[in-house]
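A.B. asks: As they're listed, the protein sequences go chains A and B.
Numbers in our numbering are just positions in the first sequence, counted from 1, shifted up by 194.
Numbers in our numbering are just positions in the second sequence, counted from 1, shifted up by 194.
Please note that a few of the clues may not be correct.
Copies of the same chain are indistinguishable here, so a pair counts whether it falls within one copy or spans any two.
Said to hold, decoys possible - Straight line, CA to CA, 30 Å or less: simulated DSS-like cross-link-like pairs of lysine-lysine: (1) Lys203 x Lys474; (2) Lys321 x Lys723; (3) Lys723 x Lys340; (4) Lys340 x Lys418; (5) Lys418 x Lys347; (6) Lys536 x Lys570; (7) Lys759 x Lys418.
Just so you know, these hints were derived from the structure itself, not from any lab.
Protein chains: 2
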Amino acid sequence: MSESMHGLKRTHRCTELSAANVGQEVIVMGWVQRRRNLGQILFITLRDRSGLLQLSFNENTEKELFEKAETLRSEYVIAARGIVVSRGADANKSMQTGDIEIDVKELRILSEAETTPFEILEDIDTKEELRLKYRYLDLRRPDMQKNLILRSKVTQSVRRFLETEGFLEIETPIMQKSTPEGARDYLVPSRVHPGNFYALPQSPQLFKQLLMVSGFDRYFQIAKCFRDEDLRADRQPEFTQIDMELSFVEPEDVMAVNERLIQTVFKEALDVDVQLPIQKMTYKEAMDRFGSDKPDLRFGVELQDLTEVVKGCGFAVFENAIANGGTVRAINAKGMGDLGRKQIDALVKYGQDFGAKGVAWHQIKTDGEEKSSFAKFLSEKTLAAIKEKMSVDKDDLILIVADKPSVVFAALGALRLEVARRLDLINQDEFRFVWITEFPLLEYDEEAGRFVAMHHPFTMPMDEDLEMMETNPGAVRAKAYDLALNGCELGGGSIRIYQNDVQKRMFNLLGFTDEQAEERFGFLLNAFKYGVPPHGGLAFGLDRMIMLMCKADSIRDVIAFPKVKDASCLMTNAPDVVDQKQLDELALVIVEKQEEVIEE
Amino acid sequence: MSESMHGLKRTHRCTELSAANVGQEVIVMGWVQRRRNLGQILFITLRDRSGLLQLSFNENTEKELFEKAETLRSEYVIAARGIVVSRGADANKSMQTGDIEIDVKELRILSEAETTPFEILEDIDTKEELRLKYRYLDLRRPDMQKNLILRSKVTQSVRRFLETEGFLEIETPIMQKSTPEGARDYLVPSRVHPGNFYALPQSPQLFKQLLMVSGFDRYFQIAKCFRDEDLRADRQPEFTQIDMELSFVEPEDVMAVNERLIQTVFKEALDVDVQLPIQKMTYKEAMDRFGSDKPDLRFGVELQDLTEVVKGCGFAVFENAIANGGTVRAINAKGMGDLGRKQIDALVKYGQDFGAKGVAWHQIKTDGEEKSSFAKFLSEKTLAAIKEKMSVDKDDLILIVADKPSVVFAALGALRLEVARRLDLINQDEFRFVWITEFPLLEYDEEAGRFVAMHHPFTMPMDEDLEMMETNPGAVRAKAYDLALNGCELGGGSIRIYQNDVQKRMFNLLGFTDEQAEERFGFLLNAFKYGVPPHGGLAFGLDRMIMLMCKADSIRDVIAFPKVKDASCLMTNAPDVVDQKQLDELALVIVEKQEEVIEE
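Extracted from the complex, chain A is given alone in its bound form (with noise of 0.2 Å):
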């Protein structure tokens, strides 16, 4: 049975009543949340997505209409008019409307409802696969409506802040070329073009730019943006970025109107106040300090370089790495000193996960007592002067790794977090930002052999570290920024390179030939030939920063419909086989996968 609503007009939602309605009649509509039938008395919780509100029936109600709220079921969609009276004494105080009830006078069943796969409450445990595959049920769960309405309150508040800082909203294209360098790309078959392919963007980065050379002067776009990778937790296969250019800036005016948007939206959408400027460290300081690039400021527990204190110290961990170029560093876990033998190998476990080949441990126990992985390797007075850098006390546990800088950085950076958690230290209710400045410009890929860009091919070096692209391209900084927030990188930008012979340069260092640079990029090095400003721009990855906003654990709880590790959608099967029409329009045949065949 479907009544039609015609002739009943919502009047307001749930929560939009309080004890200044009483009297009036209203009209509401939504879902039934539960109905408890108490004999004389019946009361329904009405559900829509500002909240709940309670139906009475009673003694009072005609016998058809009393009959007829009987059935109702869970989820069954009503529409209701009555008035609005007060609870009195009867008020349920953890209800935000529980100070008053509707006395039913009419009631229509506008859709009935099975029972469903699980309950419509906050906090449920159900199975993720089982909330995904009726994810428009999941949806209706009171935390997955407050965090796509924060989403929502996000993204208008960030497109009014830009808008009153004179950017405009430029659309870019969905469908592309393909541009090999980079993650993998998403492709489109062309149908009138057979055997050539768009590609759908992992950014909007060339076409932004181009907008630059436009003389658009300040863009954004809350973009989505794609890329084939093998899923992690906090990846999706499509993903959406606040995203943004600006000409005739330096980083310090990209940042400057970021942290103003940061804070504006903070406010709006959260009620937090974020103080400026916000905090700057250069990369190099991050790495030093806490062994990561998007350091977590909300506890200490830093980084301390022992290099020197154990230069010479016999011990062959500690000399072998410094002999290879590598560094000594070390963190003191204050608290953990009372660690059982199970607990510390779980904490070097922890750290070879990251890429360690050991972490050497020293405890001090509560009650003075010591044991050490390494104390005996080395000389009374090594000890203690690593002992004194360390600031050691009682109870307190250190953690040593010694390799080359990138494997103690990951390492010590990874256990600094787990220590963190483990003792407590980290308080949830603080958002701690901090901008990260002056990155390498390039890091070396090992495997292909040569230097590939950190951020993009297009990103600006330093004025002052120019000369050394040839001589010393490893040591270049760049024009680029990282803004983190609670140690999760929320975005990053650069100054963007505008002088051709700059650019030239940088290709070279990538090791690309000026045919592939043509080949890839030349539609912006030949717009590069006719004026282009100097620019730069910055990304938000809004996903992820939605998600630390409403303290969710995946990015999936604040995606409306998202897709598994898998890169499928639970709720609509796809991806899917197509018809063979479709292939053939696309004049494309698909290869069967060879059966490995076992040999008897």
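Since the structure of chain A is provided, determine the placement of chain B on it from the hints.
C.D. replies: Structure of chain B alone, referenced to chain A:
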């Protein structure tokens, strides 16, 4: 040579300066529009997105600086620091900043420029192919800048309005499941699931309906949509929709909020007042009076029905049409009575291009002389009756089409527009809106031999016509509505079917088996089992809306990076071939097109 802007910070855009700034030191940056060298004095017209500003160098300018200014050429990007001075009597009234100029004290050449392939001016006569190849230069032209700035303004205005009205912006996936109903899908091959494909969305239709099932109540999105169709002048493979869906609504609710949206946007973006309510007209009335379901109401020249008048007249063309269930209708082109035979023949030909087998005509010249293609076949009485019905006067031209209704409406609707254009009846400054309602639910597809949905398979029939679904499906009207502006369809939508039994009847009418319905829309039908609110929505074509607002000739003029007729991008050369490795990863092989073998 590229100088750095370091140490200089732009203080104003060009037209942010006025006489109020005289005496101030300012820093401006932009492109050289032109240089005028008058010997002792040199003027540079500087351009940025805001407009133009004059820079001056004169006898007091340092020699080195003057000489640097002499090297400037069109489209160089420069930064200039100087003092705002009044031009006094030399003021240029045709320029917004014509009463001031900048007495330049410092000049930096940020980027040199080669000669551009066309001039950066409004209304240039350059071939569109060249403009699109150098789109980044084309976009510098003031008219293109104005169009895209207006587009940005409109989208912000739309979002602000919808947010105020309680709409949530929710992103739906770009990588979806292919549902082969409607236009051709663009496909995206899956690497993880070889042989499987995603499809780019033709619209977010199913997802927005699911969001209503989820209880979000009011959704909107400015959404990219994709259709792999052969491109007509006003089509793009990717286009943008203002897309929305509302729960607990009837047609009037959707129309009411959308006409307020239109009013707000036209006011904010164009300062045009749209009077509410917008006129409503049934589909039947629109066809009868204007021969179109998107009538241009800026002029009259309405259709008249002559069927009753000519019934039994003896003229075979009219009689046969009527006997075959057709109709005889006409327009009176007042002011065309003196047209020569050649011009009349051209109109006849025009009507034939729209499907009419012929166009009967009767002219009354200003001197009273009459000529006619059909009068000789009719009695005087019938001719007189036609003239009376058509309110004929001197200088009139009657154009009559007799055929089945669809042909009559198409031909006369088109002739009506053509007549108005030739007689210059159309006020180009007027924005004339009209809602068209009560569309037929179905139209008969002669080729397929079955009914197809006029909007889509989820459109709700009108309550009073439900009973005719099986007995007279062609007569069933839908709860569908379009908004037309000046003869173009601006957008449209409908109330959706939310009852499973009605949906089943609809699928039956469309000839879907239960299996086909399940295969294509299973997840939606499944969702509807768990309590679905009455809901409906609407989508506007943003590109066309902006085109009409800009009075542009083509949607390509309001899209930053459009594609041309063969769906290629002339600037980036997309689509293009891709690496073999990319195809291998997708398990795809391209079928070589077989050359036609010509036997000798």
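A.B. asks: Between the shortest in-copy and the shortest cross-copy C-alpha distance, which are at most 30 Å for lysine 536 and lysine 570: within, between, both, or neither?
C.D. replies: Close inside one copy (20 Å), not across copies (111 Å); limit 30 Å.
A.B. asks: Indicate which option fits the pair lysine 759, lysine 418 if close means a Cα-Cα distance not exceeding 30 Å: within, between, both or neither.
C.D. replies: Both. Shortest intra-copy (19 Å) and inter-copy (25 Å) distances satisfy the 30 Å Cα cut-off.
A.B. asks: At most 30 Å between CA atoms: does that hold for lysine 723 and lysine 340 within a copy, between copies, both, or neither?
C.D. replies: Answer is between: at 24 Å across copies they meet the 30 Å cutoff, but 49 Å inside does not.
A.B. asks: Measure nothing new, just compare the shortest in-copy and cross-copy C-alpha distances for lysine 321 and lysine 723 to 30 Å and report within, between, both or neither.
C.D. replies: between (56 Å within a copy, 21 Å between copies)
A.B. asks: Is the C-alpha distance from lysine 418 to lysine 347 at most 30 Å within one copy, between copies, in both cases, or in neither?
C.D. replies: both (18 Å within a copy, 21 Å between copies)
A.B. asks: Classify it for me, lysine 340 with lysine 418: is the Cα-Cα distance of at most 30 Å met within a copy, between copies, both or neither?
C.D. replies: Both: 22 Å inside a copy, 25 Å across copies.
A.B. asks: Pop the pair lysine 203 and lysine 474 into one bin, within, between, both or neither, using alpha-carbon distances up to 30 Å.
C.D. replies: For lysine 203 and lysine 474, only the inter-copy Cα distance (21 Å) is at most 30 Å; the intra-copy one is 54 Å.
The structure shown violates none of the earlier numbered hints.
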